[in-house]
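Dock chain one against chain two, each of which comes alone in its own frame, and use the hints as you go.
Read off the chains here:
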Amino acid sequence: MRRSRSTRNAPHPPPESGEALRLVEVRKVYGDEGTRVTALAGVSLSLPHGTFTAVMGPSGSGKSTLLHCAAGLEEPDAGRVFVDGHELGGRSETALTRFRRAHIGFVFQQFNLLPTLTVTQNTTLPLKLAGRPIDHAAARAVLERVGLGQRLDHLPGQLSGGERQRVAIARALVTRPGVVLADEPTGALDSHSAREVLELLQETVRGYGRTVVMVTHDPVAAAYADVVVFLADGQLAGRMASPTARAVAERLTHLGDAAQQGIGG
Amino acid sequence: MFMLAVRSLRRRVAAFTATFLAAFLGAVLVMAFGSLSDTGAAEGVAETDRQTLSTMSTVVGGWSLVLVAFAVTSTLTLSVRQRATEMALLKCVGATPAQLRRMVLGEALLLALAGALVAIPAGALTGRALLALLKSTDQVADGVPFAYGPVALGAGIGVTVLGAAGAAFLTARRVARMRAVAALGSAADAGTGGGRLGKGRIILSALFLAGGVQLGVMAATAGPEGFDSMQFAGSADILFGIGLAGLAPMLVRGASAALARPVRRFGGASGYLAVLNLRQRTAQLAAALTPVILFVGIGVGTLWMQAIQNDTSAGAVPTTQEDAIETLNFVVTGMIVLFTCIMLINTLVAATTYRRREFGQQRLAGATRRQVLGMVVLEGAVLTVAGLVCGTIAALPTVLPFSYAKTDDWLPDPEYGIWLGTVAVAVTVTMAALVGTARRTLRTPAVEAVSVAS
Numbered sequence: 001m002r003r004s005r006s007t008r009n010a011p012h013p014p015p016e017s018g019e020a021l022r023l024v025e026v027r028k029v030y031g032d033e034g035t036r037v038t039a040l041a042g043v044s045l046s047l048p049h050g051t052f053t054a055v056m057g058p059s060g061s062g063k064s065t066l067l068h069c070a071a072g073l074e075e076p077d078a079g080r081v082f083v084d085g086h087e088l089g090g091r092s093e094t095a096l097t098r099f100r101r102a103h104i105g106f107v108f109q110q111f112n113l114l115p116t117l118t119v120t121q122n123t124t125l126p127l128k129l130a131g132r133p134i135d136h137a138a139a140r141a142v143l144e145r146v147g148l149g150q151r152l153d154h155l156p157g158q159l160s161g162g163e164r165q166r167v168a169i170a171r172a173l174v175t176r177p178g179v180v181l182a183d184e185p186t187g188a189l190d191s192h193s194a195r196e197v198l199e200l201l202q203e204t205v206r207g208y209g210r211t212v213v214m215v216t217h218d219p220v221a222a223a224y225a226d227v228v229v230f231l232a233d234g235q236l237a238g239r240m241a242s243p244t245a246r247a248v249a250e251r252l253t254h255l256g257d258a259a260q261q262g263i264g265g
Numbered sequence: 001m002f003m004l005a006v007r008s009l010r011r012r013v014a015a016f017t018a019t020f021l022a023a024f025l026g027a028v029l030v031m032a033f034g035s036l037s038d039t040g041a042a043e044g045v046a047e048t049d050r051q052t053l054s055t056m057s058t059v060v061g062g063w064s065l066v067l068v069a070f071a072v073t074s075t076l077t078l079s080v081r082q083r084a085t086e087m088a089l090l091k092c093v094g095a096t097p098a099q100l101r102r103m104v105l106g107e108a109l110l111l112a113l114a115g116a117l118v119a120i121p122a123g124a125l126t127g128r129a130l131l132a133l134l135k136s137t138d139q140v141a142d143g144v145p146f147a148y149g150p151v152a153l154g155a156g157i158g159v160t161v162l163g164a165a166g167a168a169f170l171t172a173r174r175v176a177r178m179r180a181v182a183a184l185g186s187a188a189d190a191g192t193g194g195g196r197l198g199k200g201r202i203i204l205s206a207l208f209l210a211g212g213v214q215l216g217v218m219a220a221t222a223g224p225e226g227f228d229s230m231q232f233a234g235s236a237d238i239l240f241g242i243g244l245a246g247l248a249p250m251l252v253r254g255a256s257a258a259l260a261r262p263v264r265r266f267g268g269a270s271g272y273l274a275v276l277n278l279r280q281r282t283a284q285l286a287a288a289l290t291p292v293i294l295f296v297g298i299g300v301g302t303l304w305m306q307a308i309q310n311d312t313s314a315g316a317v318p319t320t321q322e323d324a325i326e327t328l329n330f331v332v333t334g335m336i337v338l339f340t341c342i343m344l345i346n347t348l349v350a351a352t353t354y355r356r357r358e359f360g361q362q363r364l365a366g367a368t369r370r371q372v373l374g375m376v377v378l379e380g381a382v383l384t385v386a387g388l389v390c391g392t393i394a395a396l397p398t399v400l401p402f403s404y405a406k407t408d409d410w411l412p413d414p415e416y417g418i419w420l421g422t423v424a425v426a427v428t429v430t431m432a433a434l435v436g437t438a439r440r441t442l443r444t445p446a447v448e449a450v451s452v453a454s
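If you read the protein sequences in the order shown, they are chains V and Z. Numbering-wise (the UniProt record's numbering), the first sequence opens with residue 1 and increments by one. Numbering-wise (the UniProt record's numbering), the second sequence opens with residue 1 and increments by one.
With the rest of the complex left out, here is chain Z (with noise of 0.2 Å):
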């Protein structure tokens, strides 16, 4: 079974990418972030600026390995369900369900462990860069060299490929368990259906949105001074988002039952196919609604959290520190929702070339391009929407608490500049990649891409 995960990335090179990358932009991250540990570790640093450094490496990076670890598990969810038929196939030749389970699991292990190495590099790059931001904004003494040990290539590598054997491991149970004749079948409906929350991850996303209000209430809790409401404000909105995106299933079904009525009357034929699907392929939707509240969600709650900062103390001339904290924030917000936005445009990306085959039949049956692009427009249209309004209450957590404990005001000022440029922002990408993709996918005749293969 090794040998056929091995056999089978060599084969499925494109199939696989997002998988990778998602690994190892993630290991990029994380041992980014590491590095700093080790850094404030190595012998010789002051104890104010080993302080700073921890601190830095474990709120930051503590809440961005959870990120990481979620995009990489989203990532090779989709990447295993777009290979029902295989899996199907393999299981009528014979495979058991255990064989199947090694060859999941055989194939993540593979990508994680490549994309982090090929990480390593990277990583030290991007965590000397982010020393030298510190020792730029004063914050660390000049005179700290850099060292890249085992809290960066432990956590990096550790992160990646536990969260991808852990993964596999849940998706390859779902895949074994299926009888191989209800396999054949649901897979030659190519993933329709699907999106039915089982009770553990409807559980595990509650925990997530709890652990995100928690730290909405301690930064609510941690008064206008220092920087301790800003630390638990800025972690607020990845955990509350992960935990929304958890239930992207259920949104996607909202968000369509909401939204079907004005696709169906201004969408025409493409508007009827696109309402079809996202009442039926909601699986697949769900996946590509998930990176979309990720980045609204992080990217307005920080940047909006940044700007609370500087109202408050605005006419005081702000400290060096709150410059440097300012810089830092950026910097970080910057790093993470970059992450986001690939982790969005690789998604996307991959969710629509797998539907080739679809797009094939929908043409035979006599769809022209444009009624099959206009369709897409309109899915990403209506996920869209959906995103905005779960990453904007993403967003709430760090916003609120922190707004009180700054102002002892709940409400703070709009902030439409931000919002409207976040927002800009996610439409263009989303749309980008899914027509982008979309139509290089249409270049393939009809006939040609019905066809079983590939």
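In isolation and in its complexed conformation, chain V is listed as follows (with noise of 0.2 Å):
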């Protein structure tokens, strides 16, 4: 059995070609003895670049946990984690953060912008960070085609939810990332607006080419993904291509009448 112990000092491996993200039998476990809780229970998955994935499923099913894992803001116990074909695993904090912000793009439900920093600020952060010289002309451009064209230098305390999260995926595409990772990005926004910020991550997939992995607990918003994926109990409980809100929400019900029979038995 391969764990990511075993390749720590192995180099990384050349990036392959046409995947994105690649989970391998990744677990993670929360607790001491006695409150032990499996999030990941060995998850193993494949996201081809250019793609728009929703990863769905009942509350506890390991949906945020699998996000976390991939963008590296949390360490699996056992398994691989690949993107764009590095990997991710035996780095230290540091290096992680730098991987971080060249490769993974990554949208919050509670946005998480910084309140003293305008529009602008925001959105150019990573790239400061990373000491990347700044094009201002382009920041622009993104913030426009997100709509904020208007709100340049507003700090996001005078802005609406809708119009944070757009600023929020705006920062996520400033520095180019191979994937965008967004976590219940419409969880806290009016349907207006979630229309918007879903519609804004389809462009991402087909105007930008990214690749996008949303997780999400609304059946309407996983209908804008080309697949979606259902977790269960930790693991992987089936996919489903040009889903529908109507088909999604249908699965998602025997999902969590399989998990509660799961519990009883």
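No wet-lab data here; the hints were simulated from the structure. These numbers were taken from a predicted model, which means no experiment stands behind them. Glycine is no exception: its CB is placed at the ideal position from the N, C-alpha and C atoms. Incorrect hints may have been included.
[What the hints assert, rightly or not] Here are a few chain Z residues that face chain V, going by a calculated C-beta distance under 8 Å:
1. 269
2. 272
3. 277
4. 361
5. 363
6. 364
7. 366
8. 368
9. 369
10. 371
11. 446
12. 447
13. 450
[Stated by the list, open to error] Partial chain Z-side listing against chain V, Cβ under 8 Å, derived:
14. 268
15. 276
16. 280
17. 281
18. 362
19. 365
20. 367
21. 370
22. 445
[What the hints assert, rightly or not] The following residues of chain V were derived to be distant from chain Z, with all beta-carbon distances above 10 Å:
23. 45
24. 51
25. 90
26. 133
27. 144
28. 149
29. 163
30. 176
31. 202
32. 205
33. 208
34. 236
35. 237
36. 250
37. 251
Next up, the structure:
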């Protein structure tokens, strides 16, 4: 059985074409003896470049953990994670941050914009932190693309929830990452703002050629994706191409029942 | 609302430690000096001893009283401001302004009272040690028994509790006045902005500054003989320092305007973040600047004054009284400086721990731990420079008039050793507290740090 530990000192393999994100037998367990909760029980997943995937499942199915492990925000207990063909395992916190900054864009449910920075400053912050030259014209273009051309000098506190999330998306795109990970990006938004954000995510795939992985519990949001991956009890529980909101909702209901029966039995 | 205050205290032990510590240490200081009055008032104490004890108690104790009230006020203000989110939430679920005021007031009173009660034995020990010192330097007859009574307890408990109540009242008024939606909005911004000085605060600061100058003038005109000029001059830096500290938000703005360019130029991404914070989080940084000013001002002022005193009596054999006064000066300064030093650590640790979420957000945006630490260090550097400049200015109302009184010359010999020593301690303490706390805070994984809780 191959585990990440064994490859700690191996050189990172060259980028493999076609694959934006690959998870191999990823396990993550929380808590100590007695209060042990298995969030991911050996998940393997491979997502090609230029796709939009939604990850769905009942609460506690391990959706967010999956995303955090894929982004290097949490370290899996076992298994391997590849982003853009580079393995994440065995890197220091600083090395992970640098890698994340270059290859991964992350969008959070609670936005996580810095309150003291304007829209433009928030967007260009990852570049600034990476010491990369800031292309102000490009940043402005991204912000105009997300519909915030008139709000460049506003502070996050002066924006609506939908606008804040669009800033967060612009920030995630500005470094031209291979993969954009979104954790319940519409969870804190009204349906109108949610639709705008989802269309924007769709456009990052179609227009910019990025790969988007979105965790959501909303079937309507999942229907914007190309493929929906279902998760239950920390394991993959199916896959649906060309999803519709109705089909997703139906599958989800059965998943919830199955999970409950699993606990009961 | 009182119940809410008690629950809130029990749930947030860490958050209130700073206020408790300020109340406790302040009460110890005041009680120790207060006990000298009690000792002097006891029956059978000779008139001269009574005089010495009460002078010591009222003059030195009086000013430390002001200092303590100020310290308790500024710590409490910090802790309430840091809970803007909680206040906003309470407002949104229907708490009236009056209820919020009562909650803040209740918490403050509980903390102050607890701090003062715990301080009673410690104050007695310190007071006993002070009396022993006075006896060993022959200022007070050996036979005088130590007394710990109404003045020590009354002043100690009174100052701490009243100081806390006053501070709570002023802070709570500001919180309560805010509209619920605005409160939540600004809470989401985690206490940005602020630092606009109210008219009352400017007037109060001006009064303290004027008081400092007034004491300086009295010191200058008190003449070279005796210890009058020393008594006046010794308190001038405390008052002037408090006055400057009151204007801290203004000073932070000035310092960041002056230092933004070099910090930004040489600090890289960390410098960029540091400058933005200095501009937008004025109120928080001002709270941290206050103890630096007081520490440097009182430290440099008193030590330099003693150096002048030693110079003027050089050649002549110092009288026992001069020796005694010198020892006493060092001990008293030591206590007050130690107090401001602990307040400095206290404030910086409280303010930095609170930034957990902000640090987490920066790391999620791609900042490495080192970059966040770099930002904290640069902010600290700007604060320290501002504190050193203002602290040195605060020392002048002590040093210049005293020099004039003793030598007829306003400008004393420069004492680089004293200045550098004080500066070295201030820089070391500030940086150690900041970096140590930031490091510990950064140990929380970024994803956890930004989750709203706690």
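Do the hints match the structure? See the list:
no. : hint : result
1   : 269  : holds (5 Å)
2   : 272  : holds (6 Å)
3   : 277  : holds (6 Å)
4   : 361  : holds (5 Å)
5   : 363  : holds (7 Å)
6   : 364  : holds (5 Å)
7   : 366  : holds (4 Å)
8   : 368  : holds (5 Å)
9   : 369  : holds (6 Å)
10  : 371  : holds (6 Å)
11  : 446  : holds (7 Å)
12  : 447  : holds (5 Å)
13  : 450  : holds (6 Å)
14  : 268  : holds (7 Å)
15  : 276  : holds (5 Å)
16  : 280  : holds (4 Å)
17  : 281  : holds (7 Å)
18  : 362  : holds (7 Å)
19  : 365  : holds (5 Å)
20  : 367  : holds (5 Å)
21  : 370  : holds (7 Å)
22  : 445  : holds (7 Å)
23  : 45   : holds (20 Å)
24  : 51   : holds (24 Å)
25  : 90   : holds (17 Å)
26  : 133  : holds (13 Å)
27  : 144  : holds (21 Å)
28  : 149  : holds (22 Å)
29  : 163  : holds (13 Å)
30  : 176  : holds (13 Å)
31  : 202  : holds (24 Å)
32  : 205  : holds (22 Å)
33  : 208  : holds (19 Å)
34  : 236  : holds (23 Å)
35  : 237  : holds (24 Å)
36  : 250  : holds (32 Å)
37  : 251  : holds (28 Å)
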